[in-house]
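Keeping their order, the protein sequence lines are chains A, B, C and D. Just add 703 to the spot in the first sequence (first one is 1) and you have the working numbering. Just add 703 to the spot in the second sequence (first one is 1) and you have the working numbering. Just add 703 to the spot in the third sequence (first one is 1) and you have the working numbering. Just add 703 to the spot in the fourth sequence (first one is 1) and you have the working numbering.
These aren't lab readings, by the way, just hints derived from the structure by calculation. Take these hints with a grain of salt, some might be off.
Pairs involving identical chains hold if they fit within one copy or between any two copies, as the list cannot separate such chains.
Distance condition first, Cα-Cα at most 27 Å in a straight line; then the derived BS3-like pairs of lysine-lysine [claimed, not checked]: (1) K756 to K789; (2) K891 to K956; (3) K956 to K801; (4) K956 to K789; (5) K891 to K845; (6) K879 to K891; (7) K942 to K756; (8) K879 to K845; (9) K942 to K845.
Protein chains: 4
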Amino acid sequence: MIDKSGYVHYFDFSNSKRLLAIDANLSRKNNPSMLLPRLREEVLEANLELVRKGLVLYTFGNASGISRDQNLVVIKPSGVPYETMKPEHLIVTDLDGKIVEGSLRPSSDLPTHLVLYRAFPEIGGVAHTHSEHATSWAQACKPIPCFGTTHADYFHAPVPVTEALTDSEIASEYEKNTGRAIVRAFEKTSYASVPAVLVANHGPFAWGPDPAAAAHNAVILEAVARMAYFTINIDRAAKPIGGGLHDKHHLRKHGSNAYYGQAKEKK
Amino acid sequence: MIDKSGYVHYFDFSNSKRLLAIDANLSRKNNPSMLLPRLREEVLEANLELVRKGLVLYTFGNASGISRDQNLVVIKPSGVPYETMKPEHLIVTDLDGKIVEGSLRPSSDLPTHLVLYRAFPEIGGVAHTHSEHATSWAQACKPIPCFGTTHADYFHAPVPVTEALTDSEIASEYEKNTGRAIVRAFEKTSYASVPAVLVANHGPFAWGPDPAAAAHNAVILEAVARMAYFTINIDRAAKPIGGGLHDKHHLRKHGSNAYYGQAKEKK
Amino acid sequence: MIDKSGYVHYFDFSNSKRLLAIDANLSRKNNPSMLLPRLREEVLEANLELVRKGLVLYTFGNASGISRDQNLVVIKPSGVPYETMKPEHLIVTDLDGKIVEGSLRPSSDLPTHLVLYRAFPEIGGVAHTHSEHATSWAQACKPIPCFGTTHADYFHAPVPVTEALTDSEIASEYEKNTGRAIVRAFEKTSYASVPAVLVANHGPFAWGPDPAAAAHNAVILEAVARMAYFTINIDRAAKPIGGGLHDKHHLRKHGSNAYYGQAKEKK
Amino acid sequence: MIDKSGYVHYFDFSNSKRLLAIDANLSRKNNPSMLLPRLREEVLEANLELVRKGLVLYTFGNASGISRDQNLVVIKPSGVPYETMKPEHLIVTDLDGKIVEGSLRPSSDLPTHLVLYRAFPEIGGVAHTHSEHATSWAQACKPIPCFGTTHADYFHAPVPVTEALTDSEIASEYEKNTGRAIVRAFEKTSYASVPAVLVANHGPFAWGPDPAAAAHNAVILEAVARMAYFTINIDRAAKPIGGGLHDKHHLRKHGSNAYYGQAKEKK
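For reference, chain A alone in the conformation it holds in the complex (with noise of 0.2 Å):
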């Protein structure tokens, strides 16, 4: 599948989507009226793809997604078990944070969320975990440099990482605050061809055209992070890939002349 906005998705609802549908029907017997029922089945599939890659410990991470037609989010609850998780434990918000529907606390990293759809316009979906090894750069204020293709095909530059907020950014609207730096990251860097990025001393967040390309961006991102962990450990003074290599690859995935995957079909 190739989406509009050029973007390649490979993630399969296949299995998830049938098994959620049982849920689903649940939900919507249960609660007729409730919005957004099928993009809550996406964020929570979003949510449960980070745990089923191992990105997750007990109820870290938190993926979103937006229904950029009726300005709404939908996030994972704060705290809350994964393995319990239905659709209807999701919280719908509006782009200032209100809550429109839902009964439990939001994610606490709600605002955060909240700048990057404001700022990234075509984003339909983000991602935030605490996966070890992005963490790992995120902890020592590195970007992570692009040392092969895996990296290339998926984030056309280095990953970036933020500077670190000041004592007043950390005492007042510390996760607002959070998204700003994040966007100032991304002042000379493309948030499209660059879909991550590491918050100093914290983590990962990632995004993507909807909850399941944000999801399938952290892992993506977890796996390079592994690798460019592994190639410094080799050799400290590896070099990243020159920029011939770094086009070829992110351009054969990407765009109009992608020749990676299945031809883009009409739905």
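Based on these hints, arrange chains B, C and D on the given structure of chain A.
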């Protein structure tokens, strides 16, 4: 869930409790007068959580819990396989280590647990493992620096390492002296805000308001130890995070102004 | 099993073959004239082995096989999930890459596979992955030294790394030029006794007398790459093994005097 | 369980024994005169334990056991998949390696096992793997220092590494000379208190009073090797533990004053 001491509990008992209910019913039938049946289940479950999260090999590790009302401790027996352990296999002792109920030997680390229960009056559970990254920091006799918010969320300072025991402390009352060395490492640090320690050349102990929280903190400690390991192998000169960020993250989760997780419910 | 070219096969087809038999019967019923049904099953199975052994994420990686009688190659389609892949999804092409049977796009790395089939006349299968340790050596542009007998059992020299492609080699016929760079890396090394290579800044390719052996060699390469990584992180000055031990182990498993595994049986 | 030689056994046979009982009954029906049926089951089970604990890839590794009464050894066949291995596939040989029962080739490392059974009269089982961290220390030709109590609990000194074999030792009787190099490494160390060795540039051998203990020690060795690896990558100057702590932990588990595990029971 947030309990009355301000600790947040993320531990999901739903599944394990159901499974244990069968054994517990059985136990009570077989042994209707068994002491502390609920604490036994909590201690068994905490021991099994260490297994499920990959912190123990074979019969390594041990978790215990205390009834502050009755001044009785429940602890895992020594060298018994986890697969077949049942609540009635656990040992009940008083705070001097005298066996009150149970036909098996208690874990050989029992005297260390008892010193902690006496010195740290607000804790309700203790967990000891040889989890590999926390143990490796203990083997290197280095405290774990706070490199990021994952650490700050749980431990409000570096995780300290004890001083090595002297030969005479090893020769006599070794396990009790291990506990005393732990207590000395907390002379200037609050055991409530840093609920874990590295015993030099040995391995970690963690604690919390109940056995589940102790096991949970042992799991988080291992994750934090892994990421600190990766961080210094990315950059030997990596710097610990500033106090402002440390406070922010710790207090986001703990204490009266916490806003992570769902609001405290009355039981 | 030892086949007529002297390669030893440890690959256990028993389980997978049984499972595949169902699909294969189905396929043949649906499409009785499908070309090369047995090679399709072998190629599918080789692709699945890469997944089972943890060498691929999502749709990464690809394995192929060749019928030397018919000069036809069977390869995985590009970007299709492994979970739902069936023999009839695979693509049959000639040695120029012209599709002979199949409605999906072949893997974008097909031209690299074809160069290898032309240049290395005794191979029957090729596997390409981004397995993390082999890829990390490729990203560091370092050959994998032979530090021990595990390496020597399979690879009778260091695993070589290709030279980086020039910008003009990248700009035009990139995948074919990748194959040519591999062939150049074997000018002084036998592709039969070192059945794998690292493509600089990209990842490993492995091969063998059939698709199963190619996948098997890709799995072993990753294990050897992991242990070489650990070895240099124990001692940066670790020395490769001597020629006597290297020969001994390689010839214990391969060639006419091999005495590892069970004696060759006539089929 | 503590057996009469003072070794502690943590190995839980309960599950595997039940499963094997089916095969064993079957075997006995098919082959009522099969030699050493119980030792065959123990050796098979020890081999499977190496697989379950992640110490072997494909058909790597081998475990054996000896009947001291009959001077007969039972060992795994060479290059046969573990998944389909049954007690009747194992090979029975005398101490010269002459096959007494069995139609398959024994493991090619048999002569090494036989040297150990002759030189170390109290052992009842031997296990050899290419487990990745122990093998990496062997590839670096470095003994594993005793950095902590996990090591001390099982190995009462550093785990030694053999000297490299000379070219003439490799050229003739290679496997027997490997055994002799192991024996030489124990001239000043007790094989009973350090039940494992690293063969230079090759991998580990472990042993114990029976096949289960040999496999158990191979598993512990890998865990100890992993943690020693992490320890030196935290601090290259990490120091081995003192003799007092080493003795304390070793003797807490082994010998007449052991107080770890449950008291020895008469069978």
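Right, here's what the structure says about each hint:
With identical chains, the CA atoms of K756 and K789 are at most 27 Å apart both within one copy (19 Å) and between copies (24 Å). Taking identical chains as interchangeable, the C-alpha atoms of K891 and K956 lie at most 27 Å apart only when both belong to the same chain, with a minimum of 22 Å there against 35 Å between chains. Proximity of K956 and K801 under a CA criterion of 27 Å is satisfied inter-copy only: 21 Å between copies versus 38 Å inside one chain copy. Proximity of K956 to K789 under the C-alpha cut-off of 27 Å is restricted to the inter-copy arrangement: shortest distance 24 Å between copies versus 34 Å within a copy.
In this assembly of identical chains, the alpha carbons of K891 and K845 lie at most 27 Å apart only when taken from the same copy (17 Å versus 33 Å across copies). In this homomeric assembly, K879 and K891 come within 27 Å of each other (Cα to Cα) only inside a single copy, at 21 Å, whereas the closest approach across copies is 34 Å. With identical chains, the CA atoms of K942 and K756 are never at most 27 Å apart, being 29 Å at best within one copy and 29 Å at best between copies. Taking identical chains as interchangeable, the C-alpha atoms of K879 and K845 lie at most 27 Å apart only when both belong to the same chain, with a minimum of 22 Å there against 35 Å between chains.
Proximity of K942 and K845 under a CA criterion of 27 Å is satisfied in both settings, with 15 Å inside one chain copy and 12 Å between copies.
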